Amino acid sequence: MKTARASKSKQVSHSYLITFGIVIAFYIIIQIMSGRGVLTSSLEGQLIPMCAYAIMAVSLNLTVGILGELSLGHAGFMSVGAFAGVLVYMNMSSGIPSWCAMFFAILAGALAAGIFGLLVGIPVLRLSGDYLAIVTLAFGEIIKNLLNAMYLGADSSGLHVSFKDAASMHLSANGKVLINGALGITGIRKSSTFTLGIILLIITLAVILNFIHSRAGRAVMSIRDNEIAAQSIGIDATKYKLMAFILSAVFAGIAGVLYALNYSALVATKFNYNTSIQVLVFVVLGGMGNITGSVIAAAVLTVLPEVLRVANNYRMLIYSIVLIAMMIINQGPGMIAWRKRFVAKVKANHSDGKEVE
Amino acid sequence: MQFLEQLINGLSLGSVYALIALGYTMVYGIAKMLNFAHGDIIMVGSYVVFFTFARSGMNPVLSILIAMAVCLILGVLIERVAYKPLRGASSLAVLITAIGVSYLLEQVAQLAWSSNPKTFKSVVTMPPVSIAGGALVISGETIVTVLVCILIMVALMWFVNNTKSGHAMQAVSEDRGAAQLMGINVNATISLTFAIGSALAAVAGALLNSSFATLTPLTGAMPGIKAFTAAVFGGIGSIPGAFVGGILLGIIENLSKAYISTQLSDAIVFLVLIIVLLVKPTGLLGKKINVKV
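For the protein sequence lines, the chains are U and W, in the order given. Sequence positions in the first sequence follow this note's numbering and run 421 to 777. Sequence positions in the second sequence follow this note's numbering and run 74 to 366.
Bound conformation, chain U alone:
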C-alpha cells in the first residue's frame, strides 16, 4: 500500500515536470527566436493572448473536466477580472513602480473574479447538467450587458456609477470618466509582457495541478463521477463544487487582466459568448480533464490562424466540425464499443503472434 502510494505521487510529480518543462522550453525557444528576429510581428502580437487563453483553458478545464459541469459563461469572469485589473492599474501607476501596480492589478482582477465566482456559483451549482450550462451562459450575458451599459466616474466626492449615460453621473469639474459605457476603458498603457504571461501560466498550472491532486481535488472528482455516492461517504458536495468553481473563476480573472493590459482599449463585448465557446474548444480538443492538453491546444489554436492566414475564414468552420467529430468519436457509446472491440482484436492478434513464435 505504502509503495503504491509512493509510486503514484512520483508519477504525479513526473507529469508535473513534463508540463512545466514544455512551458519553459517553449518560453526559451520563443526568446531565442525573438532575439534573432525570426518572429514576425503578427506572431509576436499573439504571444500574450496565447498565454491568456492558455490560462483560460486550464481554468475552464477545472470546471468542465474535473468538476464535470459545463460553463458557457467563462468569458464573463475574464471580463470582470479585466475591468477590475485595468481600473486598479490605471489608478495606481502614477506613484509606484510598474511591477508593483501590475501585481496589485492582477490581485484585484483575481479577487473581483473570485467574488463573482462565489456570487454566480452559489445559485448556479444548485443546478446540474443542461440547466447549469444555460444559467452560466445567462450570467455571462448579464455580466457583458451590465459592463457594456455601465458608466463609472471618479471625482473628489468619490465614485459615481450610472447605467444611463456619462452626464447622469454628475461628476464635478475635476472628475474623470473611468468606464465610458459601451466604449469601455480607453487609454490603457500596454504593459503585459510575454515573460509575465509565462510566469502567470506557470503559477496557474502549479496551483490547479496541486488542487487536482490534493484531497479537495479528489473530492471534486468523486462528485463528478457520482455525486450521491460521494455525499454518502461524507463529502460536502456544495463546498467542494464551489471551491473548484471559484478557483476556476479566479484564474479566468487573472487571464483577463493579462489580456486587457495587452491592448490600449477594453470593451465588454470583447468577452462574449463566442470567447467562452472558443475556450471550450481548447478544453475539448486538449482533452477534458487533461491540463497539459489544454495548454497545448490553446497555444496551437491561438497561433494557427496567424500562421495560416488563408484558413482564417474557415477557422470557426473547422473548429465546429472538429468539435462535433471529437465528441462523437470520444464519447459516442457506439464508437467506444467499436474501439474496445478493435483494441481487443489487436491484442488477440498480438498474443496469437507471440504464441506462434
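Incorrect hints may have been included.
Which bits of chain U does chain W cover? Going by a derived footprint, with three or more residues having C-beta under 8 angstroms, they are [stated by the list, open to error]:
id: 1; stretch: 440-450
id: 2; stretch: 476-490
id: 3; stretch: 542-556
id: 4; stretch: 749-763
By construction, these hints were calculated from the structure, which means they are not laboratory data. Just so it is clear, the structure is predicted and the values come from calculations on it, not from any experiment. In this text, a Cβ means the ideal position worked out from N, Cα and C, and glycines have one as well.
Place chain W on chain U using the hints.
Relative to chain U, chain W alone:
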C-alpha cells in the same frame, strides 16, 4: 395607450419566442437534449424565405412551405449525423456537440451568404388595424404572428394527445426503455420530433424577420437562447408551458426595453431565467421530477 402598445408589441415578440420554444420544448421533452442549433435552423429557414420570397417573388405561403421542408430535412439530418451516435452519452457531450452544430450552421451561412445584413421583406400583406380612432395601431405582422402561434400550439396539442405518433412521443418522453419494450420505434419518434420542431422553426424564422427586418447568419442565435429561456420559464417539456413562457418573456423584454433600459433588457430576461430556475426549477407549468439513485 403607450403601455398598451408596448404590451401588444411584447405579445408579438412573445409569440415568436413561443413558436421557437415549442420546438425546443418538444425536442427537450423527447430526446432529453438541449438542441442549441435550433436557433440556427430558424436562421436557415429565414434565408430560404428570403431567397424564394423577397428575391424571387414567390407566393409567401409557398415560400414558407419550401422553408419548412428545407428545415425539416436539415433538422432530421442533424439528428441522424450528429446527435444519434451520442444517444446514451453524457449530457455534457451532447450539449457540446449541439454547440458545435450551431457554430457549423452559422459558419456555413456566413461563407455561403456573407455576414452582410439582408433586408427582409415582410411575408405578411395584411394592412395594420387601427383601434380607438387611430390612437392604437396594431400591425398586420403582430396579428398574424399571434394567430399563427395560437393555431400551431392548438394543432400540436391535438397531435400529441390524439394521434398514435403523438402518444408514442409521450411514451418516449416518459420512459424511453419502457416505450421501446412496448414496440414503439424510438428512433423514428425522435426523428419525427426533430422534423416537427425544425419545420416550426422555419415558420418562426419567417415571422421573426417580418417584424424585425434584418437578416444575418447570427439572427437566430439570440432568439434561440431566449426561446429556450421561455421554454424553461413555462416548464420544459410542456407545450402550453412553452406558449405561456414565450408570451410572458416577450412582454417582459418589451416592457423593460420601453421603461427600464434598452441595453439592459437582455440582462433582465436572463435574470428572469435564473430566478425561475432557482425558485421553481421545473418552470411554471412543468411536472415535478424526483431524482432516483
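Verification of the supplied hints:
no. : hint    : in the structure
1   : 440-450 : violated (count 0)
2   : 476-490 : holds (count 4)
3   : 542-556 : holds (count 9)
4   : 749-763 : holds (count 6)
Checked against the numbered hints above, the structure violates only hint 1.
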